[in-house]
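Same order as they appear, the protein sequences are chains F, E, B, V, A and Z. Heads up, the first sequence is in my numbering, so the first residue is 69 and it goes up one at a time. Heads up, the second sequence is in my numbering, so the first residue is 69 and it goes up one at a time. Heads up, the third sequence is in my numbering, so the first residue is 69 and it goes up one at a time. Heads up, the fourth sequence is in my numbering, so the first residue is 69 and it goes up one at a time. Heads up, the fifth sequence is in my numbering, so the first residue is 69 and it goes up one at a time. Heads up, the sixth sequence is in my numbering, so the first residue is 69 and it goes up one at a time.
Don't take every hint at face value.
Intra- or inter-copy, both count: the list cannot distinguish identical chains.
[What the hints assert, rightly or not] Taking lysine to aspartate or glutamate pairs in the DMTMM-like style, the calculated list, with each CA pair at most 25 Å apart, reads:
| # | residue 1 | residue 2 |
| --- | --- | --- |
| 1 | Lys252 | Glu136 |
| 2 | Lys307 | Glu89 |
| 3 | Lys307 | Glu269 |
| 4 | Lys260 | Glu133 |
| 5 | Lys252 | Glu133 |
| 6 | Lys233 | Glu211 |
| 7 | Lys307 | Glu265 |
| 8 | Lys260 | Glu246 |
| 9 | Lys82 | Glu246 |
Bear in mind the hints are in silico, worked out from the structure with no lab data behind them.
Number of protein chains: 6
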Amino acid sequence: MRFDEAYSGNVFIKSHPNFEESEAVIYGMPMDWTVSYRPGSRFGPARIREVSIGLEEYSAYLNRELEEVKYFDAGDIPLPFGNPQRSLDIIEDFIHKLLAEDKFPLGMGGEHLVSWPVMKAVAKKYPDLAIIHMDAHTDLREEYEGEPLSHSTPIRKIAEHIGPKNVYSFGIRSGMKEEFQWAKENGMHISKFEVLEPLKEILPTLAGRPVYVTIDIDVLDPAHAPGTGTVDAGGITSKELLASIHAIAQSDINVVGCDLVEVAPIYDISEQTANTASKLIREMILGWVQKRK
Amino acid sequence: MRFDEAYSGNVFIKSHPNFEESEAVIYGMPMDWTVSYRPGSRFGPARIREVSIGLEEYSAYLNRELEEVKYFDAGDIPLPFGNPQRSLDIIEDFIHKLLAEDKFPLGMGGEHLVSWPVMKAVAKKYPDLAIIHMDAHTDLREEYEGEPLSHSTPIRKIAEHIGPKNVYSFGIRSGMKEEFQWAKENGMHISKFEVLEPLKEILPTLAGRPVYVTIDIDVLDPAHAPGTGTVDAGGITSKELLASIHAIAQSDINVVGCDLVEVAPIYDISEQTANTASKLIREMILGWVQKRK
Amino acid sequence: MRFDEAYSGNVFIKSHPNFEESEAVIYGMPMDWTVSYRPGSRFGPARIREVSIGLEEYSAYLNRELEEVKYFDAGDIPLPFGNPQRSLDIIEDFIHKLLAEDKFPLGMGGEHLVSWPVMKAVAKKYPDLAIIHMDAHTDLREEYEGEPLSHSTPIRKIAEHIGPKNVYSFGIRSGMKEEFQWAKENGMHISKFEVLEPLKEILPTLAGRPVYVTIDIDVLDPAHAPGTGTVDAGGITSKELLASIHAIAQSDINVVGCDLVEVAPIYDISEQTANTASKLIREMILGWVQKRK
Amino acid sequence: MRFDEAYSGNVFIKSHPNFEESEAVIYGMPMDWTVSYRPGSRFGPARIREVSIGLEEYSAYLNRELEEVKYFDAGDIPLPFGNPQRSLDIIEDFIHKLLAEDKFPLGMGGEHLVSWPVMKAVAKKYPDLAIIHMDAHTDLREEYEGEPLSHSTPIRKIAEHIGPKNVYSFGIRSGMKEEFQWAKENGMHISKFEVLEPLKEILPTLAGRPVYVTIDIDVLDPAHAPGTGTVDAGGITSKELLASIHAIAQSDINVVGCDLVEVAPIYDISEQTANTASKLIREMILGWVQKRK
Amino acid sequence: MRFDEAYSGNVFIKSHPNFEESEAVIYGMPMDWTVSYRPGSRFGPARIREVSIGLEEYSAYLNRELEEVKYFDAGDIPLPFGNPQRSLDIIEDFIHKLLAEDKFPLGMGGEHLVSWPVMKAVAKKYPDLAIIHMDAHTDLREEYEGEPLSHSTPIRKIAEHIGPKNVYSFGIRSGMKEEFQWAKENGMHISKFEVLEPLKEILPTLAGRPVYVTIDIDVLDPAHAPGTGTVDAGGITSKELLASIHAIAQSDINVVGCDLVEVAPIYDISEQTANTASKLIREMILGWVQKRK
Amino acid sequence: MRFDEAYSGNVFIKSHPNFEESEAVIYGMPMDWTVSYRPGSRFGPARIREVSIGLEEYSAYLNRELEEVKYFDAGDIPLPFGNPQRSLDIIEDFIHKLLAEDKFPLGMGGEHLVSWPVMKAVAKKYPDLAIIHMDAHTDLREEYEGEPLSHSTPIRKIAEHIGPKNVYSFGIRSGMKEEFQWAKENGMHISKFEVLEPLKEILPTLAGRPVYVTIDIDVLDPAHAPGTGTVDAGGITSKELLASIHAIAQSDINVVGCDLVEVAPIYDISEQTANTASKLIREMILGWVQKRK
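Full structure from sequences and hints, please.
Printed below as a string of structure tokens:
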């Protein structure tokens, strides 16, 4: 009987109630206003939390339990509907505060553009930052129909910010010809179609470096993630994505933050996408949080 | 930025954070294991809270705002899956404690059987209790296929407990012939098909009495509440149900508790049923809570 | 334990197991191949039977129980996919046999064209036959894009067969200008938009006559019947349709057969359309079968 | 602006292929980036056009056929995702051009904010303009969480632009207390809950005046329009909304433009909302276009 | 024309009408009242039968046709809603009777707990019984939130009943740490993540032994079985599960009964889960029934 | 036949507005009236076009862009509902005209029977024609329940027309025993279950020959194509189907026409099936059109 305090209704399963004592912080970035196709990812974080109640607290992959890691769920960052610039500023400010408190940021989108201010803030703290990016799409546009703030641009922005050679994209199967050319000409790594095998090759080269990992759920085939804005055939399986998370966990890189974006629940009656996202986040917590040095 | 305390994620909009200071308490009873047709109402309370974020805090009907009433959201009562008796005992115990603290109980189902232990507890505190029951179904069975604990029995149980002449059912359009006969022979009131007009006739006869109001969302026509276990054509409109709530608010009866049950979100992609339920609860809070003497 | 005979899985609730002893026969006509908009009504009869398990066996409207009437469920008539003419011939042959055994035919569609061979067969037995037709659409076309066998034509066909002045349409809100003109010029009755009130005026004029009643579920507003091929706003409520069935039950006409068509389950996740159809059929059984003289 | 040739894409049924010869122009405004609850109305116009193929071309209400009116479908106005100000500017520019060619503008939303630039442009041409507004919500906020460009503000903006006493809202059932007070204090008309009866009283007072009519589909009860961003119980029926359109058609006001907004197809598997919208638009074309003087 | 007997509406395709002559018996166990997450599997058996009409009667894998095996469909065992103990007793009694008649039991769930009384009854007849278990979950809990009768416990119960070393689980990817430990400490076999390869290794060690095979549909990845209570990413493909069924068919073990559980149709609009289940059952019939000695 | 001007309706992304200048012609064949299970593929072509707006115009697989190929979208061929023979005649006539203009035909179904008149017309122009057929089903029946025009017969028809040894089926996992026998006895090639590997073996044997490729979307596993009439477990992945298209593109065969059939959007809320189909068509355009000599 919870009579002594407000009901803590919808937090990611096993979240720690105390911010100070927590090593990591989970937060939602419920923005979807620049997407060019199907909106709805603003509801991703809330649904991922809701279905996390069905998760086992133990990972049979990593042989660890959620109670071994302290993470605080800060809820969804309130963002002004329809104002991308102000939204990104609020997110960046939020992340600066998290990093000032030395917390591991674990974000849930929302559209992929929300990763841009997070990566920028993380790059300020870790000048030697590298980015691992798993996605169906390049996200390397300079602008979309005249708008520089678009869900198609975040990787271009961070690549220009920290240098394209520090950005590693995996699983890419869609983009404009110019985007692939830009990457090639600027020394950015793109592994087309596959994730696990090329990732295993790249990881040793990043040993010891601080790395931020950003995962767009649509790197999965639509069979495994129908609930997303842009479904694109020919993706990887959830088994492969899990294995990729584990490969990072077992590598010598220093994960300093991460996010999982673009879960749009309305397109998936079965809620498999949100359930899968909650499982991926469990593995990210168990495998990555304590890698940070 | 909520860094100082755990994120209070999914509570009914504008819930008060402090139990002691609150006049009313909202709680979920996520049980659906005795239903004979379609299960799923266990997820009703969580979804009603989630969509309540879309509600206006002001009622244009009652000219009142939610901040005028203090109510605490106690979350869902944890109930043991598949064990009706233990579940009902836990609910009854919960309500006794609420009443001991002089709180107004406002419950969300779950299947209709959850109302039985609540009404029993309320009847102990208010010996002169009357019941107002809005529903498509009589719910007057003694048992269902041999089970005395069934979603088809709660009104029979409370009628036998406080006397059938103290129970008033409205909007009933389905039941067994024997149920209607039992009601007739035992002096229980049943208004078939209609709610608002017969209710207006009955209310003056209950003036000054403590009354518990139990509403099965399926009193609404399936057009207005597709997300419920048993959809039954020929029901009332949501406009009529709102007017019925307002008629009670304007009457001289003393509402001492209430519930809204049987919202099963999975059958309603549009979520209109949960949204409607959240609006009904707002009107119940604004119209009924402070009637209690 | 049903070890002695095959499991009778999906029949309309309380169907009688014996054909000879039954007064009425329920049958499905799972054809949807001439529809011009959304197909899917071929699955209507099976789904109506399936959800009928959730029906009360007692009608609180008519104060009768299903066990008071003996009706046999003959299943779905096997029809050759994509061959309208052969399908209609098979249906007509089926009805002739039913009528030869003096059974009351109660059909479930399927698209509305299936009513044409049934009405033709019934008209052969009852030369003085009148038709009561409830529908959103006139269905008075001579052909549809060159095809004389179309779901838009059945009322035209029967009107030409038994004389337009013997056909009474109610609730009509859509059709071609030419269809309304044809009806007017040929003395056929059309009540636009409304059913109950005009029906009450017509019924006394048909006293004593044999009448076949054909109901397209889309006479209901889409709010009440989203699961149909052609949803058309501005229809009647299920409360009004139930009252119309009861008005016929209490009239002096001689109902000699009836059908309910165009339930297409796939467009209605809540299954309210199929549930409503099963309730309507219960009322048709209880109110109409024994009117036959 | 595709004024010189037929739009190559999905068009509303019976659209005229030639812009110059057309009296009215239909266009979509596929913007949903400022909504505070559920997005998705960007796909409304395309789906309304798609399902219009299922419409009868004749109105049994008005006894007119679509071929009696020439209207051109200009397609969806290309709008920059996530940039409300630029989107509104583009819309306003589009409308100025339409009005310069003396076309009757008939817009499809999109969120309600798109009506603001349209009404502003129309007010420039018709200084004596009045607004008839049918909606569940007041839409009278000055800003929403700090954003002056929000789907909650369009009626406030036009009311301040042309004077609150020239704005007439009907069917309103939700809003902030302050919004209702602002309307009252400033002489703006609000009819709560009802549309048809108060509209019939107001229409004669507007005789001869140019009037723009803006309809938010959520003025309908969720039973009749589940496919919209904010479902709000207690609304009117589609029958009542059709009758309201016809009341305007038969009045002496001079309709000079109109829109229908907030159809969000994803929340409505049955597509009844888009089908209803297409029927409403047919009636608006047949009843209103030629009223313009 | 089926005039001479009741319509045998919803049986598994090609079921034999005579119990005595049949070698195997198919039956449904429509219970879902102890599930801790999403209910709905009570409707699994009915939907599997319904969609089996779409199956080819020939297996291109096994080169056999359904008419080569006689199996009787006994329908769903009537179970008392909300009473797990009585339900399990009824199931156990049913199986004892089947086994007394020397029938091969082929059950459809329903939640996984229904397998417990079946396995217990089969173990009584075959003292040397081994269990092959394919599932995403260990199902090895002693109790769930205080309830010993839970969908999380059936494998623990049978393991304790026949000895853990006689139980072989495959495809397991979720469970509590304690469950995996219990298995390890007690000599029970668990193959994590994979099914086909470890199964091929185990099968020869079981040669000649009587084996009961219980398959939880969620051993499949959610991509292949979205319609189940607990969707858990990282599962196997339907191709792999089919191959696993065939590996058993070609082995030297003696399959003496089997079940397929946890199909919950409401979460899968496409009905692929029920269709897949019906195909799996066809292969189980063709590959396993006649292996029994 | 709208050959003289751009189709006024929804077109496939980047379609060329001029028929004469185009090398290929895309067209829909919206027929589904002979299907024996679930209808709805009549809406496949329209939905594929609609979602094609979300496609990248560049193929990262083939390193080509859509603007490198000129293709005209002729819209859907108007077909008479419910009349298979007339529909097939209209299609055949349409194809003869296309071929007379030396256009590459790229058709979208619709049920698979629509491929029969196309293949017949193509065979007339290319007497040495071979067929590559990817499907879950043999489609080799002579008739279905007495109907020679059935979605189960098109491959049989073309095999008899051009000789069974010229027909190569891949991915087949369902059919009647007799169909497999007929293929074997008549020298027709069937690769069961797999596509890519056997295709790579066959392609060199067809070098230089004119080949028509017909793909039933259900060759994909239901996980990858839930939106189709007959979902059949055990299929290939979209990754494998893409690779098969690319294998053909890189081979020495001469593709002279192709189609993709059986997309039925209503069964797939996520629209992944239509999105996948649009991507497959992009690859077919980029990889196959200019192979024609």
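Status of each hint after checking the structure:
1. Lys252 / Glu136: between (42 Å within a copy, 22 Å between copies)
2. Lys307 / Glu89: Neither, since 33 Å and 45 Å both go past 25 Å.
3. Lys307 / Glu269: both (19 Å within a copy, 22 Å between copies)
4. Lys260 / Glu133: between (34 Å within a copy, 17 Å between copies)
5. Lys252 / Glu133: Cα proximity of Lys252 and Glu133: across copies only (18 Å, versus 41 Å in one copy).
6. Lys233 / Glu211: Only inside one copy: Lys233 and Glu211 sit 21 Å apart there, 43 Å across copies, limit 25 Å.
7. Lys307 / Glu265: Cα proximity of Lys307 and Glu265: in one copy and across copies (13 Å, 16 Å).
8. Lys260 / Glu246: Classified as within; 15 Å inside a copy, 41 Å across copies.
9. Lys82 / Glu246: between (45 Å within a copy, 18 Å between copies)
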